[in-house]
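Starting from the known structure of chain W, arrange chains C and V on it as the hints suggest.
Protein chains in written order, with the working numbering: chain W, 39 to 354; chain C, 39 to 354; chain V, 39 to 354.
Read the hints as simulated data drawn from the structure, not as lab findings. In this text the structure is predicted, and so the values were computed from the model without any measurement. Mixed in with the good hints, there may be bad ones.
When chains are identical, the list treats them as one kind, so a pair holds in a single copy or across two.
Claimed, not checked - Calculated pairs, DSSO-like style, for lysine-lysine (alpha carbon to alpha carbon, straight line, at most 27 Å): (1) K145 with K289; (2) K256 with K344; (3) K80 with K124; (4) K89 with K55; (5) K289 with K351; (6) K289 with K325; (7) K160 with K124; (8) K80 with K160; (9) K326 with K80.
For reference, the chains in residue letters:
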Amino acid sequence: MKLSDIATILSCDIDFKDIDIKRINNLKDAKNDEISFVISSKYIKDIKTTKASAIIISDALLEYVPDGCITLSVDNPEYSMAILSKYFAPPIEDDSLPPALVGEGSKISPKAEIANGAKIGKNCTILAHVYIGANTTIGDNTIIYPSVTIYRDCNIGSDCIIHSNTAIGSDGFGFATSAQGEHKKIYQNGNVIIEDDVEIGSNVSIDRAVFSSTLIKKGVRIDNLVQVAHNCEIGEYSVLVSQSGCSGSTKLGRNVVVGGQAAFTGHLEIAPFSTFAARSGVTKSIKKSGLTFAGFPAINHRQWLKLQVKIAKLLK
Amino acid sequence: MKLSDIATILSCDIDFKDIDIKRINNLKDAKNDEISFVISSKYIKDIKTTKASAIIISDALLEYVPDGCITLSVDNPEYSMAILSKYFAPPIEDDSLPPALVGEGSKISPKAEIANGAKIGKNCTILAHVYIGANTTIGDNTIIYPSVTIYRDCNIGSDCIIHSNTAIGSDGFGFATSAQGEHKKIYQNGNVIIEDDVEIGSNVSIDRAVFSSTLIKKGVRIDNLVQVAHNCEIGEYSVLVSQSGCSGSTKLGRNVVVGGQAAFTGHLEIAPFSTFAARSGVTKSIKKSGLTFAGFPAINHRQWLKLQVKIAKLLK
Amino acid sequence: MKLSDIATILSCDIDFKDIDIKRINNLKDAKNDEISFVISSKYIKDIKTTKASAIIISDALLEYVPDGCITLSVDNPEYSMAILSKYFAPPIEDDSLPPALVGEGSKISPKAEIANGAKIGKNCTILAHVYIGANTTIGDNTIIYPSVTIYRDCNIGSDCIIHSNTAIGSDGFGFATSAQGEHKKIYQNGNVIIEDDVEIGSNVSIDRAVFSSTLIKKGVRIDNLVQVAHNCEIGEYSVLVSQSGCSGSTKLGRNVVVGGQAAFTGHLEIAPFSTFAARSGVTKSIKKSGLTFAGFPAINHRQWLKLQVKIAKLLK
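Next comes chain W alone, as it looks inside the complex (with noise of 0.2 Å):
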């Protein structure tokens, strides 16, 4: 997409030399072909050393911005980045893909929808219902139960299991929001992977991230009704049961033990070998790992303990 085109549809100058702009990215990741964004004074130092090509900004962050780094100065950057992000989401589906590949061996029923572009390992077992989208691989030997939907561009390692009505890859929770209080979807162009031998329950929400990935590491296994919102990362052989969700962004070590009804908010940093009880409401970033935690707002689970027995003294 020409930057000029860009320019015209937030409505702004054009006083730069047009170059072609492939994707948008946050101000971290984005690359030499890249438009990027800045929500917030927050992001000061991320404007300074990143490498987009353009940037959308507010006049009041100008001075921040490197040599050679195009700005597109607007009124609000996270509202005209979403108006900006529908430009860049792909189809749904895209029939000018070859149709999908199926490996040796693989069981798919008739009544699934494998989209083009789809690739199947060897020997996995795709049942009824099941919604494969455009240029998403499975790898071998995983069985997926009837009526998941996975959305396109998502990865799934070899030896997962997926229990029915799970949906991976729909869209992250994100919209900007207008001074009058309207929405304006942000397009989630992002993807999410699944490493290897992970089995993920029933109901499970899995949402794609915004840009890059949503990620579940190796080992990881995810009970029923279990939320995991855009961009978080689960590390390799944690444990998420039922019900329990993590906010955006959040990134848990490996062996991390969720309990039933626990919850994250967004972008924490999780210890690995952290253990959360039962109903935790997590709120702050853990950098100790082996802990465990309790209570709303979680604690150490042991002054949580106390603290029910001081509680319940009240009533005394």
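For chains C and V alone, coordinates are given in the frame of chain W:
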């Protein structure tokens, strides 16, 4: 249906001039050709002003019935209404309805099922394994991802996006319980109306109304695994984050923000521009707009923060 | 399966007269032609009385094994059992079974998938995109809405209603973890039994038992987005409100009412006619029937109300 047949079903005397009854409805909304019912003395005010032609009622409340309204006297009016509700339920599908109409430019997967009587607007994308029920209408440009089910008689607006494995229009959780503790289904003969520009995540449940409509207004954003019970009304541009829930008949004003795992008891009215922190448990209506709440039972957010400090001090 | 083959799989000595093993089972329920296992010293009592022909056990507990019961000695019996469980898992589908039988008057959508070996009763309605697994039976007059998945070997009663996108019989959340923190799936070779007159909402997950059955008894009402884990038993006419959850092996008596987002830890026994307020977190068995509870950890409801007053006073 003849009122005399209803009386026979409910084992009531037929001491009235027979009339035709078109629907069951609640006291407030019932019209001239409808039958209503009284669950408890809480509704005395509504008895006096009801326009229903007939009413299912216990002897104790007969005195409040307006002149000209025929009474069917029973021991457990709610249970009798439940028995009767089945007779007013339309068939799940209806082959006598005309084949579905599909607007220009819409792409419907051959693996979707569009029931007779449905109408799809222009430029919609309906993916595999979607089900659209009888007489349900879909506006223009709406995208429905795989394995979404929309029951009969619902209305979905234009420019909506509905993600995989979401159920819209499933029966509200309604039943009457006998003295012996057995439950009798109250058939949910209302519908769901979703206005324009609404996005709904994956694995969401939005139940149809028992009478009239469950209403999701313009511009609403609903995340994954959210529950919206029968007869709720979600105001314009409101936001429901993952795993939150609204119990029956609760009404949110516009631009209400509901954090993850937060929930509302039934029959509440929530002022516009209210914000609820994650895991709030809201048990009372909120009249003043623009405030932020947290905790269970939910209180003012600042008060909740102070309270957490006080509770933490118990440990010292 | 020959016990000698099992010994080979688990790298155990073959120092016994070979026998046929039909199933794995827990110590209590194991019969003469079955193999069992001991996870911990908690089960010493059950070792002494087991009727299993053979037992997977650590050296430390060998002394408790009854005469005539063959022992396979391993370091991590649960992990060994997990390895073995795969060999007893039936195929997901089985083309050698006879085509499904459908009773008179039943209406099956051509877009539903009924696996070989299934049996549907009379006057059922099975809508599009439903999946009924091998050997699963459905009673009479039962309605199954679109995109419901019922796995193999389950039994659904008569006069049931199951709403869209619900999964019944998905694998329980069971695995053994190695010293290195890697998880090995415990195949869930039991089933789900749902008795007559049960209504189940949308997006519900009811897991199959590891051995024997997960049981939903007559007249139960389950709302949307509810989790019922493996080996639970839900008593007659019990009510589970939306987003509530039962952990593994918990048993509710009859007419238990579970509020929205409430949850139970595993292996509890709950007395009949107990009521749990919304978001109760139940961590202990309840022996006396007819009481009401609230809070987390759940306490008597009146006590909980008093406690809220005391907690609110902390702010003064």
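Hint check results:
For the homomeric pair K145 and K289, neither the shortest alpha-carbon distance inside one copy (35 Å) nor that between copies (38 Å) is at most 27 Å. In this assembly of identical chains, K256 and K344 lie within 27 Å of each other by CA distance neither inside one copy nor across copies; the values are 36 Å within and 42 Å between. In this homomeric assembly, K80 and K124 come within 27 Å of each other (Cα to Cα) only inside a single copy, at 25 Å, whereas the closest approach across copies is 52 Å. Taking the shortest alpha-carbon separations for K89 and K55, only the intra-copy value of 17 Å comes in at or below 27 Å, while the best inter-copy value is 72 Å.
Proximity of K289 and K351 under a CA criterion of 27 Å is satisfied in neither setting, with 37 Å inside one chain copy and 30 Å between copies. Taking the shortest alpha-carbon separations for K289 and K325, only the intra-copy value of 12 Å comes in at or below 27 Å, while the best inter-copy value is 39 Å. In this assembly of identical chains, K160 and K124 lie within 27 Å of each other by CA distance solely across copies; the values are 20 Å between and 35 Å within a copy. Taking the shortest alpha-carbon separations for K80 and K160, neither the intra-copy value of 47 Å nor the inter-copy value of 43 Å comes in at or below 27 Å.
In this assembly of identical chains, the alpha carbons of K326 and K80 lie at most 27 Å apart only when taken from the same copy (26 Å versus 32 Å across copies).
Violated hints, listed in ascending order, are 1, 2, 5, 8; each of the other numbered hints is respected by the structure.
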